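J.: Spelled out, the chains give:
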Amino acid sequence: MTKNINLTLKIWRQKGPEATGTLETFEAGDISTDMSFLEMLDVVNERLTLENREPIAFDHDCREGICGTCGAVVNGRPHGPQKGTTLCQLHMRHFESGDTLVIEPWRARAFKVIKDLVVDRSALDKMIQVGGYISANTGGAPDANAIPIPQETADLAMDAAACIGCGACVAACPNASAMLFLGAKVSHLALLPQGKPEAARRAAAMVREMDRLGFGNCSNERECEAECPKEISIINIARLNREYLKARILSTVR
Amino acid sequence: MQLDAKIPGGPLAQKWDRHRFELKLVNPANKRKFDIIVVGTGLAGGAASASLAELGYNVKTFCIQDSPRRAHSIAAQGGINAAKNYTNEGDSIWRLFYDTVKGGDFRAREANVYRLAQISNNIIDQCVAQGVPFARDYGGLLANRSFGGAQVSRTFYARGQTGQQLLLGAYSALMRQVGLGKVQMFPRREMLDLVVANGQARGIVVRNLITGQIETHAAHAVVLCTGGYGNVFFLSTNAMASNVSASFKAYKRGAYFANPCFTQIHPTCIPVHGTYQSKLTLMSESLRNDGRVWVPKKPGDNRAPQQIPEDERDYYLESKYPSFGNLVPRDVASRNAKEQCDMGKGVGETKLAVYLDFADAIKRDGREAIERKYGNLFQMYEKITGEDPYGTPMMIYPAVHYTMGGLWVDYNLMSTIDGLFVLGEANFSDHGANRLGASALMQGLADGYFVIPYTIGGYIARTSFSEVTPDNEAFKDTAREASDRIEKLLGINGKRTVDDFHRQLGQIMWDYCGMARNNQGLEKARGMIQELRTEFWQNAVVPGDDKDFNQSLERAGRVADFMEFAELMVIDALARLESCGGHFNEAYQTEENEARRDDDNFCHVAAWSHTGPDKEPEFHKEPLIFENVELTQRSYK
Chain Y
1 MTKNINLTLK IWRQKGPEAT GTLETFEAGD ISTDMSFLEM LDVVNERLTL ENREPIAFDH
61 DCREGICGTC GAVVNGRPHG PQKGTTLCQL HMRHFESGDT LVIEPWRARA FKVIKDLVVD
121 RSALDKMIQV GGYISANTGG APDANAIPIP QETADLAMDA AACIGCGACV AACPNASAML
181 FLGAKVSHLA LLPQGKPEAA RRAAAMVREM DRLGFGNCSN ERECEAECPK EISIINIARL
241 NREYLKARIL STVR
Chain L
1001 MQLDAKIPGG PLAQKWDRHR FELKLVNPAN KRKFDIIVVG TGLAGGAASA SLAELGYNVK
1061 TFCIQDSPRR AHSIAAQGGI NAAKNYTNEG DSIWRLFYDT VKGGDFRARE ANVYRLAQIS
1121 NNIIDQCVAQ GVPFARDYGG LLANRSFGGA QVSRTFYARG QTGQQLLLGA YSALMRQVGL
1181 GKVQMFPRRE MLDLVVANGQ ARGIVVRNLI TGQIETHAAH AVVLCTGGYG NVFFLSTNAM
1241 ASNVSASFKA YKRGAYFANP CFTQIHPTCI PVHGTYQSKL TLMSESLRND GRVWVPKKPG
1301 DNRAPQQIPE DERDYYLESK YPSFGNLVPR DVASRNAKEQ CDMGKGVGET KLAVYLDFAD
1361 AIKRDGREAI ERKYGNLFQM YEKITGEDPY GTPMMIYPAV HYTMGGLWVD YNLMSTIDGL
1421 FVLGEANFSD HGANRLGASA LMQGLADGYF VIPYTIGGYI ARTSFSEVTP DNEAFKDTAR
1481 EASDRIEKLL GINGKRTVDD FHRQLGQIMW DYCGMARNNQ GLEKARGMIQ ELRTEFWQNA
1541 VVPGDDKDFN QSLERAGRVA DFMEFAELMV IDALARLESC GGHFNEAYQT EENEARRDDD
1601 NFCHVAAWSH TGPDKEPEFH KEPLIFENVE LTQRSYK
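Chains as they are written, first to last, in our numbering: chain Y, 1 to 254; chain L, 1001 to 1637.
Looking at chain L on its own, in the form it has when it is part of the complex (with noise of 0.2 Å):
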């Protein structure tokens, strides 16, 4: 089946314009007559749920954690990406478009991304008004500073935790909300289920964690923003409740899943240390402005880093990307981290890290100036490590990020499921094969704030609802299902925990569908996750009762959806017999091995729909055409 995004007719530049025109509208009075479900509170699910009930409809929000405010956006670092041109750099919407689509090595819609950048100045506006603090030069301006991929200053930032000042910036307009009675929020809440109801998403099943009860909730459409599934590698910069579950449930009803193979890989994280190691953590992109990325030249060198001088030293970004430097993309810098490392350049006690110094830096401008700018950083830095990046250079090396893939959505951002609606990282739609530093926060609250009060207002204008209630079979049944599989999990009784089983997985998934895939490693991992699979169900140890605060059960769940997606990933990888972002099969490289794309035959957003327990998932293709950029070979020489 060919998907269709539905995007609108007419010039680049006022497709949108013309779509929220020609969207139907829902009549203020008649808001009120619609429920909808919000799952999860980060950028995009906080910002869709107050929106949406200051537009009046009854908003009923739910998350897993014990505030809304706890959503994983808060760890977000760096900053968040406006074509304001604030500094005169000649930056311009169509700029942040083109930068975006490239960054993305061409495999995003072009109709969608334009849209981002269109949308994309009316966050900062709605985010200062919110009070959120973002940094400001001596004037009382706005300042800005640069992430990779791009030539000009365009990030916003609140020193080194935007997205935390964002996100609380969407949770204090949720909280009113909620203070207003429009939203009802229901906090440690994980949701089990989507409920269909002819062929309309019209509720979830959802467990309570404290309780442990299971519960049903109807509304009228679902949103879902319920983020990434980084996690599926165990080790991630992702929370540790990140998860797959709600996604992959929706994808078991009928959603189809999109380009699960493309996931980000960091290049700036603090470098894996011991078998215990629970998560790792990011170093914000932002210090790559003034943080110089180098290794040795020569391979098993053990000095001191301080003890090298300066010709033994190989800046390796900077001379094989003069003009971005140490800016250029994220998957670019993780894949060149790796090569170092493979060529046995790799420092520290793993020789699995490069350095990031800053020692140039601290001289040019002073150590005050880059405290003042990156000193949360450096003091986490020193809190996890025991050492003073002000005196010796940081360790880093790459670490699972960011999920580019996610359930397919037309220019709606309504999936393959009438009503289903899915937003920020959980969809797969605007950052293509690599996303660039400061896009999710940018592309979360585009979705919320400016995107789905729209177009839900269309689905809901265009729709006939019959009743539904939580009495519907339709609920009774899935809720059945979600206590059953409850029931089995705690009755497996095996030997081995499941956190176990997740490190496991992760570390397959990182030696063959990481930084660097090939047919044969792909096919081998397949094997060994219907191997793990089959174990998990026989062998895993779940402690503890169903109807009580369990959080070994909690994670159970999670980790035995991933033990089924992490094969689809697999299978996507395998189906894209080229290179492109995050997705570098060996196969397919350039001479200078940067990644190879295929044009002809790859050009599109590949789509899985689920077919039947232990069936192949079917493969659907959404073409990508690109009317307004010349696809080029991605250069940041």
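So here's chain Y without its partners, still in its complex pose (with noise of 0.2 Å):
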């Protein structure tokens, strides 16, 4: 049922990277349930427009939970408390009339604060520069049915790479790891027949460029698993440490 909620917003506010940040207090007033999150903030950005107020400035682009780009800390929680959700993909039905919101950015070592809830994310694909990928130049390719790979195999590499790079594992790590989120990109290739001649260099590349850029260990918290949106198990972990140890004991790699 539809219905229309009052609710009080507490966001982070911050001019810039060196600028000191606050939380700033909003009322959000009649808000439709059928709302996504990020059409309630529309709703405030749009009002505070009309008042010559500077609105929000949060990132955001499909609305539809693939892109990666949204995301903040609602109530501690990234994403907000809705399991396996993006926050574009978060609907208003899932609070009550009088809650107070806590909005903040992803906050991490790696991640600085551009302007206000949007985060310098660049550290994510820094990492995947290094090794992320299968050097396969365009042109080369052997017939696609070449290599037969098992459903099962395609399935958990699916699994894999079903990871969308918003960095909520990161947020969500009291270490600020991206652990991961590169253990997820491991994984994907490492399971993969293409991805193995690679496997022992991208694991040990990438391992040492996640920790080049400021990301903490993994304590097996296990938090990043309980707020991914798209439900990433923590066995890809497993999976990044088991190909590490490969890479570094077993192989010439360095």
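I should point out that these hints are in silico values taken from the structure, not numbers from a laboratory. Just so it is clear, the structure is predicted and the values come from calculations on it, not from any experiment. Treat each hint with caution, since some may be false.
[Stated by the list, open to error] Cβ-Cβ distance ranges computed for the label pairs, FRET-style: (1) Y/Pro-150 x L/Asp-1600: 49 to 59 Å; (2) Y/Asn-217 x L/Tyr-1276: 56 to 66 Å; (3) Y/Pro-150 x L/Glu-1592: 43 to 53 Å; (4) Y/Lys-3 x L/Asp-1137: 45 to 55 Å; (5) L/Phe-1465 x Y/Lys-83: 34 to 44 Å; (6) L/Tyr-1390 x Y/Arg-201: 23 to 33 Å; (7) L/Leu-1631 x Y/Gly-84: 42 to 52 Å.
[Said to hold, decoys possible] Far from chain L by the CB rule (all over 10 Å, computed), these chain Y residues: (8) Lys-3; (9) Glu-46; (10) Asp-59; (11) Thr-69.
Glycine is no exception: its CB is placed at the ideal position from the N, C-alpha and C atoms.
From the two separate chains plus the hints, produce the assembled complex.
T.: Following this line, the structure appears as structure tokens:
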């Protein structure tokens, strides 16, 4: 049933990376429960604009839960309270009138705040750049059915490849570790026969880059798995560890 | 002026081979002397950037998102077509070519479409080599499913997120080249204008979206891969930032815009529910493999779907089109949904929806099988609507999804500006008046991986370049114009938000230039757009500063361009006195309410050139010559 609710929002405002931020309070009245969380923020921003105040900056794009652009910490939980859901797919029917929502950006050493709820996640791209790929230049590929891949393997690879690179795992982790993000990519590629030739080099290089970028270590808190909007399993971290060990011990790659 | 598409001679099946041989080559050692700018990092831009860098060119790639992995290709769900014939159903390059030409209602170029069908197979090979986890059968071989407008299963897929997996493949290839230093990546940059020097596209002006700085970048060629313009309708399945600005700026600098009125309204989207709504969500066409579309036979029937007995349901697609059934092409399915709702048979609160029912499929195959195929789509539906589609039929309604029109390009994918190439949805070339499902991914990747690497070499090898740097006057002038416009937008200081203007523009376009059009409505829309545009420049409010991260300013610039572009769409729709594919003019229909083409007078591409501010655009014609297929009334009965 559609109804309208009134909320109090405490939103992180920060002018730039070097500025000091603060929580600012907004009354969000008359919010339809059919709205998505981001549509609720749109309504608040429209009202701010008409009052000649600067709207709240937040990243968003596809609003279908697949591009990984959006994300904020709502009442301490990345992407808000609903399991397996990005912020753009979270709907206001999950809140009650009178609720107070504290909305903050991802917080991690490797993610600088750009403005308000917008953070710099380029560190995720940097990790991919050092090895999150299969080196297959355009043009030389054999027939797609030349290598049969068991359905189960393909499914496991797909489970890992479903990562949307939003960074919620990093925001959820008390150590701001990127192990789930990294584990998902390393697993996806290491599971497939096409990815095996570079598996050792990939695992070693990506882990090294993760450390360099200032992400923390994994201490098995499992917060990443609990908050991942695509419910990527921490089995992928175990697989990453295995790949990393194989690389360091069994391979000549350094 | 008549346009020359530079289609190679010879039999259809040999044109591309022959052309590749005839194109001049750039020596491998010389490629590093040439800089290429790629704008956009979707399937076309990501694939082009990676492939050009692999060849040795210096590539500079730009995107508006914070990472190239977020381009809107990522949201494509259903799949990608290829003529592999792994299913042994009699598919072939020729059949894929024919289905695509017919699906496009005979308004696409034969030679381009044939090339697309030829390349389709290489794309699947390439993607598998990159590690794209396509769905597989128990034996480990690739699985296929069916899509609209085809009677063979030729669609490869990765669950309901094929676009994501293909894009991540292209993105990984791109990231590899960034790591190797062959691509310089510029995220969070928005192209504000194209720089044309000595008649050649030589660079772009961009705004750094974090600092607000205006930057200029020079190169030997510019490749636009900036997607479609569906957001002119405000509500569409496009991402929020998808826009026409880069294409439109190129148009203003001399590139022709082709068939802007060809827009695709996708039949299976979640219906509109409130005035605050920011976008529409697609439910993949693949659902029509197993879902059955129906409405109550009796208009105004308010019973819950489960309470409507079988014989009081109208499975209108199955009864009207027995051979294609629920898998008719998108334009046909959309128009039929509208027709049913216009007759008062629509369902749900707004009566602007039809049912897509999986009860029979679940009974036949079991819930688990359905979950396996469409699980994530069902979940998405449940999240948005709060209803469980396993128990109650989905409600769907058509929504703007894709734009077949785009910048005019020749067979080499070069626009009417030398050195400006346009790829993917941003060009017009392959889908005619209606795109078939699972063909957008195919075209984006074909253009990026397998066409541009050859044709751009041909251009560079035959062209003499003068020394052009960002110190050149053309760069300074273009950058100044871009800055002036930003200042103007921030200085309007009106009372109405940009979104509010955008919403109204979208409503005008949906009402008068949407699923069905007529000349009277189009004339009216043109006046309304002009008035709204005038009001925009007097009464919009754009808060914040220019040298800052300012999302309001970004949106204002894009909406300002939509305000001008919308009129071009209407002008194009008014000039095409026939119905074809996505362009349905009510005055031109068969007795069965299907689109009636006029091949004697309108078998052409309509390309428009800019003649100056507030002046009528000039019309140019590229006749479409069909040597290999016979033009027929499309029938899916």
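J.: Report the numbers of all earlier hints that the structure fails to satisfy, in ascending order.
T.: 2, 5, 6, 9, 10, 11
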